[in-house]
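If you're matching them up, the sequences are chains A and B in order.
Quick note on numbering: the first sequence equals residues 0 to 297 in numbering that gives the first Met the number 0.
Quick note on numbering: the second sequence equals residues 0 to 243 in numbering that gives the first Met the number 0.
Just so you know, these hints were derived from the structure itself, not from any lab.
Don't take every hint at face value.
In silico DSS-like links for lysine-lysine, alpha-carbon gap of 30 Å or less [unchecked claim]:
(1) B:K126 <-> B:K55
(2) A:K227 <-> B:K168
(3) A:K265 <-> B:K8
(4) A:K193 <-> B:K168
(5) A:K193 <-> B:K55
(6) B:K8 <-> A:K124
(7) B:K8 <-> A:K198
(8) B:K97 <-> A:K182
(9) A:K55 <-> B:K8
(10) A:K197 <-> B:K8
Output of the computed footprint for chain A on chain B, the stretches with three or more beta carbons under 8 Å from beta carbons of chain A [to be verified]:
(11) 25–38
(12) 76–88
(13) 165–177
Being a predicted model, the structure only gives us computed values, none of them experimental.
Glycine included, C-beta positions come from ideal geometry on N, C-alpha and C.
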Amino acid sequence: MMKKMLSLALTFAMAATLTACGSKAPETTAAPADTKAAGSSAEATTGAGAAGTAAKDVQKIIDRGVLKVGCKSDIPKFSLQNTATGQYEGFEDDLAYEIAGSIFGCSAAEAKEKKLVEFQGVTAKTRGPLLENGEIDLVIATFTITPERKETYNFSTPYYTDAVGLLVNKDSGIKSIQDLDGKIIGVAQSSTTKDGFKKYVDEKGLKVNPQFQEFDGYPALAQALATKQIDCFSVDRAILAGYVNDGNLILEDRFAEQDYGVAAAKGNTGLAETVEKKVTSMLSDGSMKKLQDQWGLQ
Amino acid sequence: MIKGLFDGKRWSALFAAFPEYYIPGFLMTLKISLVGLAVALVLGVVFGMFSSSKWKLLKIISRIYVEFIQNTPLALQVMCYYSVLPMLFSSSGFRIPKFVLGVIGVGVYHGAYISEVIRTGIEAIPKGQSEAAASQGFSYLETMYHIILPQTIKIIMPPLANQALNLVKNTSILAMVAGMDLMYFTDSWGADRGYFAQAYFTSAVMYFIICFPLARLARYLEIRSMRLPVAKKLDIQADEEAAC
Numbered sequence: 000m001m002k003k004m005l006s007l008a009l010t011f012a013m014a015a016t017l018t019a020c021g022s023k024a025p026e027t028t029a030a031p032a033d034t035k036a037a038g039s040s041a042e043a044t045t046g047a048g049a050a051g052t053a054a055k056d057v058q059k060i061i062d063r064g065v066l067k068v069g070c071k072s073d074i075p076k077f078s079l080q081n082t083a084t085g086q087y088e089g090f091e092d093d094l095a096y097e098i099a100g101s102i103f104g105c106s107a108a109e110a111k112e113k114k115l116v117e118f119q120g121v122t123a124k125t126r127g128p129l130l131e132n133g134e135i136d137l138v139i140a141t142f143t144i145t146p147e148r149k150e151t152y153n154f155s156t157p158y159y160t161d162a163v164g165l166l167v168n169k170d171s172g173i174k175s176i177q178d179l180d181g182k183i184i185g186v187a188q189s190s191t192t193k194d195g196f197k198k199y200v201d202e203k204g205l206k207v208n209p210q211f212q213e214f215d216g217y218p219a220l221a222q223a224l225a226t227k228q229i230d231c232f233s234v235d236r237a238i239l240a241g242y243v244n245d246g247n248l249i250l251e252d253r254f255a256e257q258d259y260g261v262a263a264a265k266g267n268t269g270l271a272e273t274v275e276k277k278v279t280s281m282l283s284d285g286s287m288k289k290l291q292d293q294w295g296l297q
Numbered sequence: 000m001i002k003g004l005f006d007g008k009r010w011s012a013l014f015a016a017f018p019e020y021y022i023p024g025f026l027m028t029l030k031i032s033l034v035g036l037a038v039a040l041v042l043g044v045v046f047g048m049f050s051s052s053k054w055k056l057l058k059i060i061s062r063i064y065v066e067f068i069q070n071t072p073l074a075l076q077v078m079c080y081y082s083v084l085p086m087l088f089s090s091s092g093f094r095i096p097k098f099v100l101g102v103i104g105v106g107v108y109h110g111a112y113i114s115e116v117i118r119t120g121i122e123a124i125p126k127g128q129s130e131a132a133a134s135q136g137f138s139y140l141e142t143m144y145h146i147i148l149p150q151t152i153k154i155i156m157p158p159l160a161n162q163a164l165n166l167v168k169n170t171s172i173l174a175m176v177a178g179m180d181l182m183y184f185t186d187s188w189g190a191d192r193g194y195f196a197q198a199y200f201t202s203a204v205m206y207f208i209i210c211f212p213l214a215r216l217a218r219y220l221e222i223r224s225m226r227l228p229v230a231k232k233l234d235i236q237a238d239e240e241a242a243c
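Go ahead and model the full structure; you've got the sequences and the hints to work with.
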């Protein structure tokens, strides 16, 4: 009898919590909607003038009042999350503010001040799915343009050209790309390093046949190199520069020149167009170059 | 991610990549699972017997092993085997083969759990039965073989099956250290092309292909161990035939 009553009481308790959750859910969804509405009315004054005939997907962002951008959080100069303040700082983050400015019809400085960009840290692995399921609007995260990726995402004109580099331990005795024959090269998942390496070696007529291993994230690669589980850490030079220390060095060789583009989801053509316009205008009026110089790139 | 799930083009890309990515990954996971399970069972039986033995020292050794392994995450253990263990052998970049790494990783981890399963299984049989057997002149081994273990197997089969299935699924942790297993190739191909729905769905099916027969086997063994001894059945049949 006691047992039965106890189980009954438990059932009620569970039912109560369930209904509590049920009633709470609409509230939580309603709350951001209110703030969104407030945000968009504030935006309406500034945004309406600039983007009078905004596409549906752009309009959605303007209504929401914030542009969601996926950026790397671990690449010095490009996009690094300040551990003290939580802010994203770097060339790509400033580019995101520029684009937000053109969407909301204000300057980049204003966009930064009003926090019109919501950054989300992404990795090579997460940026694709996040973009596809609509969690973020744009990816500005050292995203290399390839023909295969163009089928899946909407890329802008390249805003930066980088090459792949090779980081090796100083005490490994590896001096050039030829010494890498039979060694293990660690590359990042979803990177184009492997194909680029093979092409470069073929072009130079070298007989270098290393083994490739893929890792999820650059810290894992740096750790594997430090503990000598891989002989070489090979990713884009921009990223590699953040991992140089006393014990390792970047080899002279550079290969697989690659272009970074701003990516939008395939369906968001209106947004892609806005981004494309902004990037090309920044390239032609020299402000892109200025921004890169400001962050000490190239 | 779900949007592209029924995209035919993406599926055909997956089938094109299947022999290169999924077959070697599947075989590696299968090999690690089977050898890892054997290692885990051996470790489990040895340490399970240690902890139910009369010797204090063996009990303490078994306790240390079980508590240390049970209370640290597998990811950390694998990371440790991957980057710290080689340094013990030499500092000039000795590398443990990925297959061995996987077998040690899941084998040692689940060995600790299985030893607990076996210990509780043995302890679940009332002491009176051992005493009764001793009074009838059974030796220790005879007591174990004829009386304790047949009952133990019935008790430990379900948790043991749990451990075996978890072992298979936990091999996926190797992807973290480029383990060349199924999860590694799934991540690799999925991230390469951006077709995550196809990549992960297929991977799930392949893990299921390994796990499901294992679960059925465990269930079969459990049912078989519950069956009554066959000799009695024959007697009844003989009686019935005689009655006819």
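Item to check | Hints not upheld, ascending by number | outcome: 5 and 11
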